[in-house]
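Asks: What follows is each chain in one-letter form.
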Amino acid sequence: MLKLPENFETYMDARKAGFIRMQEAKEKGARVVGIFCSFVPYELILAAGACAVPLCATSDEPIAAAEADLPRNLCPLIKASYGFAKTDTCPYFYFSDFIVGETTCDGKKKMFELMNEIKETYVMQLPAGRTGPAFDAWKTEIIAFRKKLEDFYHITITDEDIRRAIKRKNHERQVTLKFLELGKLNPAPISGYELSTRMDALGFNLDIDERCKAVEQRTAEVLADWEANYKGKTSDRPRILVTGCPYGGVRDKIIKTVEELGADVVAFDSCSGTREKVEPVDETMPVMDALAKKYLNINCSVMSPNTSRIQYIGEMIEDYAVDGVIEIILQACHTYNVESHYVKKYVSGQGLPYLMIETDYSQADKGQISTRLSAFLETIG
Amino acid sequence: MRYIGIDIGSTASKTVILDGEQQICFTLPTGWSGKETAEAIREKLAESGGGESRVVATGYGRVSVDYADKIVTEITCHGRGGYHLFNKDCTIIDVGGQDTKVITVAEGSVKDFLMNDKCAAGTGKFLEVMATRLGMTLSEMFALAEKGTPLAISSMCTVFAESEVISHIGAGEKREDIAAGVVDSVAARVANLCVRHGIRGGAVLTGGLCESGYFIGCLSGKLGMRVESHPLGRYAGALGAALIAKNSK
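Going down the list, the sequences are from chains A and B.
In my numbering, each number is its position in the first sequence, counted from 1, plus 7.
In my numbering, each number is its position in the second sequence, counted from 1, plus 13.
Isolated chain A (complex conformation):
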């Protein structure tokens, strides 16, 4: 279903509206921490009375400027992140008190060294494993980040503050998961284009409670519309699972095109999809252990091995009644690119068609991608 609501706010609209609100908030003394990735323990920022803002990383525009300092053959998301900072064109970067990065992939961790010359970039040392010494190391990093926030803002963060923040963030995970799980319905009650745009634009609202309300409201609207007008009218449009790298910079080129060609993108195994949301923080464990466990369990390909991602894709294929899988690989993303070997093997083994598209933020391959997507949908029939 490609129909967009009349009051639909594009990613750029949301970015602009958020900017004005951010300026007002900053004038009133708001604490703002800039983040790029879902590995940052959001609850600690919340417990520090600060808000975490996702920084701009999905446009082709600042890449040329970034390439003055970074190699061309680097992931477009990393180049864009740095380019926005360097050209001072991301208002959220501008308003951030400091930036938090983490040692996810090689490109990012080295780029953060350069970014630190523009604005303080605090880097958390993320290990690639999940248990034993890796767990202990990551827990130590989480404790250090808490200390960093306390020192930076001259505050004390109590365990109770963190416990409250965990509850609030878990609530947000739960409501956004419900929104994303609308894709389980047949016919798909909402376009994947709208779903994904809203997920990405949400971060521009600094208030977590407002974000939850907005998501709940849209979920209720969509569900009511579906119950009244679509329930029982099963659609034969192919149902697509999108997996792989963050899709924000290629949303129009891939997600919109697939839907215009007659399929529905119903499921997102990606950073701003369900990947980070399926596992809440354990509210019964000691807080630091609970946070360490939750974040290490994110199924990102920087983890090695990362078999839990393949298992999760299997569950999604079943839960969302998926007809085909499209994997998005951003150029020079080695970890997802290598891991696509296992994704393809698994998906093909399930008898489902699989298509991998390696691309960047440019429009140069728009025509070719459109041909590949059409041919892929023709194989689904």
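Check before you lean on any hint, since a few could be wrong.
The calculated DSS-like cross-link candidates involving lysine-lysine, where the alpha carbons are at most 27 Å apart (straight line), are [to be verified]:
| # | chain 1 | residue 1 | chain 2 | residue 2 |
| --- | --- | --- | --- | --- |
| 1 | A | K352 | B | K48 |
| 2 | A | K263 | A | K351 |
| 3 | A | K352 | B | K124 |
| 4 | B | K83 | B | K259 |
| 5 | A | K185 | A | K10 |
| 6 | A | K154 | A | K191 |
| 7 | A | K155 | A | K116 |
| 8 | A | K373 | B | K160 |
| 9 | A | K373 | B | K259 |
| 10 | A | K373 | B | K101 |
| 11 | B | K259 | A | K263 |
| 12 | A | K351 | B | K101 |
| 13 | B | K259 | B | K235 |
| 14 | B | K138 | A | K351 |
| 15 | A | K191 | B | K124 |
Just so you know, the hints here were simulated from the structure itself, not pulled from any lab data.
Computed from a predicted model, the values in this text were never measured in an experiment.
Please build the complex by placing chain B on the supplied structure of chain A, with the hints as guidance.
Replies: Using the frame of chain A, we list chain B on its own:
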């Protein structure tokens, strides 16, 4: 009822007409405008007899055929046409003017495919550029290559590979050796793509290059298996389109 498949490629436009037992094929060069090419084909179609027809368009310029009843990608059409020509499940290799495709056909339909990246290396375009640089046509280059010993052309990029060819020319290397090197390097890249994709049920070559026995030999050597071809291989895409026209209601 005539069933017509039109494959507007980036270099050549192929048409297949299925009229009862009769099968008519013709090729026109694709000019700078896909629309004009589509018009020229329409005129030829009118000359070859009128009557009711159903048209399926495919290829890079498929949207230019505004009189088509249906548009289908070249991947599906090559799969369908290739299956018809070779009459078995196989892996179809199509070296096109703009891109190279490796298509797995199982149970008569496309199961999986791989296309080269947005780059001319390993495509017909690469051969065209190099033939021009050597001052000859494509068929002259193939004929000459047969007499040569391949020189190494190792660059992955057409622009850089062209400068490698220029250095070979500058170093006074024999033209036949350079020509053999050019063909060899395309065969190597196409073979790479095939190995990455995997070959099931035997390899077959469609598209314009399947008329060059020399290229087929090179590719077979690189893949370590016999690559089959068919006299109508160049029409596989258009034939597939015509067959889709015939089978659609």
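Asks: Hints first: check each against the structure and report whether it holds.
Replies: Hint-by-hint comparison with the structure:
1. Note on K352 of chain A and K48 of chain B: the hinted pairing is violated, with a Cα-Cα distance of about 42 Å set against a maximum of 27 Å.
2. Taken as a hint, the K263 of chain A and K351 of chain A pair is honoured in the structure, with Cα atoms around 23 Å apart against an allowance of 27 Å.
3. Taking the CA atoms of K352 of chain A and K124 of chain B, the gap is near 14 Å; set against the 27 Å cutoff, the hint holds.
4. A threshold of 27 Å between alpha carbons decides the hint, and for K83 of chain B with K259 of chain B the separation of about 12 Å falls inside it, so the pair holds.
5. The suggested pairing of K185 of chain A with K10 of chain A holds, with an alpha-carbon distance near 20 Å, which does not exceed 27 Å.
6. Taken as a hint, the K154 of chain A and K191 of chain A pair is broken in the structure, with Cα atoms around 41 Å apart against an allowance of 27 Å.
7. The hinted pair formed by K155 of chain A and K116 of chain A meets the criterion: a straight-line CA distance of about 19 Å does not exceed 27 Å.
8. A distance of roughly 41 Å separates the Cα atoms of K373 of chain A and K160 of chain B; the hinted pair therefore is violated under the 27 Å criterion.
9. A distance of roughly 31 Å separates the Cα atoms of K373 of chain A and K259 of chain B; the hinted pair therefore is violated under the 27 Å criterion.
10. For the suggested pair K373 of chain A and K101 of chain B, the alpha carbons sit about 33 Å apart, so the restraint of at most 27 Å is broken.
11. Distance hint between K259 of chain B and K263 of chain A is unfulfilled; the C-alpha atoms sit about 31 Å from each other, more than 27 Å.
12. A C-alpha spacing of about 25 Å is found between K351 of chain A and K101 of chain B, which places the hinted pair at or below 27 Å, so the restraint holds.
13. Proximity of K259 of chain B to K235 of chain B is assessed by CA-CA distance (about 37 Å); at most 27 Å being required, the pair is judged violated.
14. In summary, the hint linking K138 of chain B to K351 of chain A is not supported, as the alpha carbons are separated by about 30 Å, beyond the 27 Å threshold.
15. Note on K191 of chain A and K124 of chain B: the hinted pairing holds, with a Cα-Cα distance of about 26 Å set against a maximum of 27 Å.
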